[in-house]
Amino acid sequence: VAVKALGAPGPVAVAAVLLGAAVHPALRLAERGEAGAAAVAGLAALLVLGLVARARNGRGKLLVATGALGVAIGLGYDGLRGRSGGLTLPPGGGAQRFEESGPGGRSLGLRPLGFEIALDDVAADGTARLETRGTALVVSPSRAASVGGYRLGSPEPVATGDARALRLRIEGTSGAREVRVTPGEEVRSEDLSVEIERYFPDFALDAANEPLSRSAEPRNPAALLRVQRGASLFRVFVLKAMPRIHRQEGLPETFALVAVEPEQGVRLGVFYEPATPVVGLGVLLVAAGVLLGLVRG
Amino acid sequence: VSPGAALAALLAALAACAATAESAWGRRAPVQARVLAALAALALLPVALHAEGAAALALATGTAILPSPLGCLATVAACVVAGLREAQGAPVSAGAVLAALAAASAASAVSRSVAARVAAGLDVSWIATAAGALASAALAGLGGGQVARWRFALGGGELHAHFPGPGLLLGLGLLAATGGALVLAAHRLGPPPGAAPSALARLAGQRLLLLAAGLLALGSGFVLAQGMDGRAATLAAGAGEVAGLVFVAGLLIVALMVHLGPRGATQGEGLAARETRVAAGLAVLAAAACGAEGVLRSASYATPAALAASAAALGGLAALEATRLTLARRALFFGALLWFLLA
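Keeping their order, the protein sequence lines are chains A and B. Note that the first sequence covers residues 1 to 297 in this note's numbering. Note that the second sequence covers residues 1 to 343 in this note's numbering.
Think of the hints as simulated: they come from the structure by calculation, not from any bench. Ideal Cβ positions, reconstructed from N, Cα and C, are used throughout, including at glycine.
Label-pair ranges, simulated between beta-carbon atoms:
(1) A:Pro274 x B:Pro304: 19 to 27 Å
(2) A:Arg219 x B:Pro46: 34 to 42 Å
(3) A:Arg56 x B:Ala119: 31 to 39 Å
(4) A:Pro277 x B:Gly261: 51 to 59 Å
(5) B:Ala233 x A:Arg56: 50 to 58 Å
(6) B:Ala343 x A:Ala259: 32 to 40 Å
This is chain B alone, in the form it adopts within the complex (with noise of 0.2 Å):
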């Protein structure tokens, strides 16, 4: 694994950090987060020569210039990716340094978006309890899709490699995060139209959502510490898979801080609108650019990373449109965008 996306993980870890919680780093956590961010860019450098290293380091200079909770958890899963496949040393694919940049942006319209509804009043134990029921779906289908079963697995065909230690803990913390997200939801669902949610029920459920966080975040290093024992290339082919399960233990962990935390300053909508829009058109022009680079390296625009890019531009398309679920659609444009980063 790359020292320096190693060391660009741990500052984008604490930029998110910083990002998120503005009370506990001042008023100036912005600047710290974009200072963070900037020297995980830095650290970068050594890796930007392939493609994958090129799209985390593009991914933490747009954070650094946007900085968003969100965006730095982006960059930490794309540092994943750049340090396990650092070996392969695909070429540097323009289609993923414009889409990097785009996440970052959208990232950041996503994370405004959210401030700004906290701002208005949303119950913030409804970020708690999507990050939860996220964090559910992603185990599940991650490393095979059989942590259900306690077991977890990366790569095809010979690469095939079974991770008994981390399919325990993982599947412990995806019942954990079921049984979170279930419990939240129904200490804001339950209760008749007057009366006061339960306080035991919502402080079950953060707690079961804090223990998911640290079962997820220990799953993936004894991934990690595992694979690179000796299992390089499998950590490689599943590194899309292992950055996943990294940017979900943050998300919990992020969503916690906001639950836990006091409210900070929102800069409203409309920028979070600007930024949207940025990202769309930087999607779609990586889009355009994964369609050429597959005519010059693979004789047809009908690539996969051209398909991944389109939908992701299609999703932008979407999210610009003035209609209802704005966090939603703007959600599932960065989802789309962060696949397409990580696959």
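So here's chain A without its partners, still in its complex pose (with noise of 0.2 Å):
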């Protein structure tokens, strides 16, 4: 009887109303951890059960109710068994796990992913051209991908706090002239010789005023070069925000950091979603089942 009851249009319009504000990205109540996912599970329920009490009342209701039971078991069944989560990818690194979160962002911990996945390259758009098992693999802002079972997609481009190149302005008795230091590499010019030393992609003092980055991201970038010519070496400081703010002593030229470009990962959604094709075809029944009420009234 009271399954029964559920299938009046009372109960079923309040359930649908109620389900609608709690799945609605305004309100995200599934997002709001164990107990919002439950109250959304139960509307659901209570959504389903009234389809399905009034299920025999006209081949649309069959139809809307056994599209809405589909449904409800697919996105049970991803619930349970689904998986998603992040997986960061520095240029050139690759990984076999992923960082899986469960309800509400929460952190489950790391997830073997079955296969290694590497980064190639990553544009600014964030669009990832990766390396799978041999394969290329490119994951675009627009168009995920899929590996093993998993659907990769809405790939962000990350700092990983280090440069791949500077881009400095060095002033002499000779005139000015630009020259771009890549890490690692001693870049001549004339007969001064240039190497980072050290790179800070965030630069702030400490207490002691000792100085390090706040974050990975380029907001204050600055240097610590090796400048040498002849037998001479030279430690040049040098500060995106104010140039030319230390002279060397010994050392004619000034140098001016003028641009940073800075070394990008890529972040990457990671999702398995294996009863996708079963919450579609739910729908899919679900929309005949409203639609054929305008042919049988």
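Two chains, each in its own frame: build the complex with the hints.
Here it is in structure tokens:
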């Protein structure tokens, strides 16, 4: 009797409105921990029970009930057996595990992917060229990709805290010139050789006046350079926000950090949702059931 | 801002007037509204290659088929979003197009339900009261939720910007809309049984709502004008909120036109029920399309767009039930679709 009562128009309408409000992104009830997810699951169960209770009242209602049941089973299966999380890949680096997250974004630790994936290159918009199992793969903000049952998508470029290259402006008696210096490489400019000793993407000083980087983002980039002329060695500090702050005694040239090419990795969303076809088919059945009501009144 | 979208918004606003004020536009008002909405759709063709433009085009086309005041207002709001976000060029979404068609059908159903209730004797001051209350609620939430403090802001992070002049206008609009809605509600609820409602209260309520509509229209215009002066990215980020303001201002104007104008003919509830069913079916298909787009583009069906479309589809299922509060459920369904399209 209770199940039959759930199939009355009033309870079905109330359950549908409440479930709609609960899943709406403005409320995000399912993302508010396990209690929120349980509330959404409870409302969905009430709605599906109500729709199934009156499935005999016509073909349209039968289709709607079957579809809703399929959607509920699919979502429930993905909720229990599905997995989601994120994967951060440094340039040239690979990974075999991803950081799994649970309801509300709670971290569940590392989970094996079952394959190795490596980042070849990442563009400014996040489009990533990946390599896995000997094949190339491209994931862009508008196109996800499938590997080993997982879907990889929503790529976002992330700063690693290192620089791919620095552009320096050197002003001397013979004029000004720009050079591009890459870490670990000595660059010659006229009779000077320039090398990066340390790079700070977000430069600051700690309580003991020791230099540090507050974050990996290039918000306040600075670098300590090793400059050599003949047998003389100089250590020159450059801060992009304040060009030419330091003059080095014995070195007529001044140095300014003009631009930074930050080294970027990529962060990918990782999803394993095996019941996606069941959910999709269920939604289509609901639509067919609703529209069938037009024909059958 | 795209000239096509601006022209389409103007045409859709005229179509809203035509669809509302049948007596002023003559017996052929629905035809005129249909033609104006179709012209708006034509004007939107140049922006139809990006997501918001395609949705606005679908909404204008749906409104040309099923002309209604709410559908035309929704088209104006969608044109505002399309015009302000044109530069972002997001790919066309089948889910958004289906939801726009659903919104046109749902808007027609709500407009028809309201007309049927007015024809059946519903006091039109309740429509103006509801529009005033909705305008108050929207103003309290839009623009960073600080309109009550005479401040209006759009965008987040680096794009965050304050609009001081419009903040003052919209704050006054909030006061006027709240006051108008309360006075009109008191006008209906206040007098004891058998006593006539106060004509003075009715007049005061009408004038306050009229003032609110003017202030909202002015405030929206100033937000657009100030935003286009070097803050286009902020406007694009807050396009949904600006469109919401424009929609609410239009809703107040339409409600006052219904309140003050003579009654038009109505085609009854039967057609509204069928339109609701069409809208609900399209909303469910929109949810399916958004889920599929989520899997293809973002690797998961549980994207914010798919969740918003699913919420609207559930609202559609609720609106189909033969039980109480039919108009409220249909209005909620239309609101959920509009939220999806403008957010």
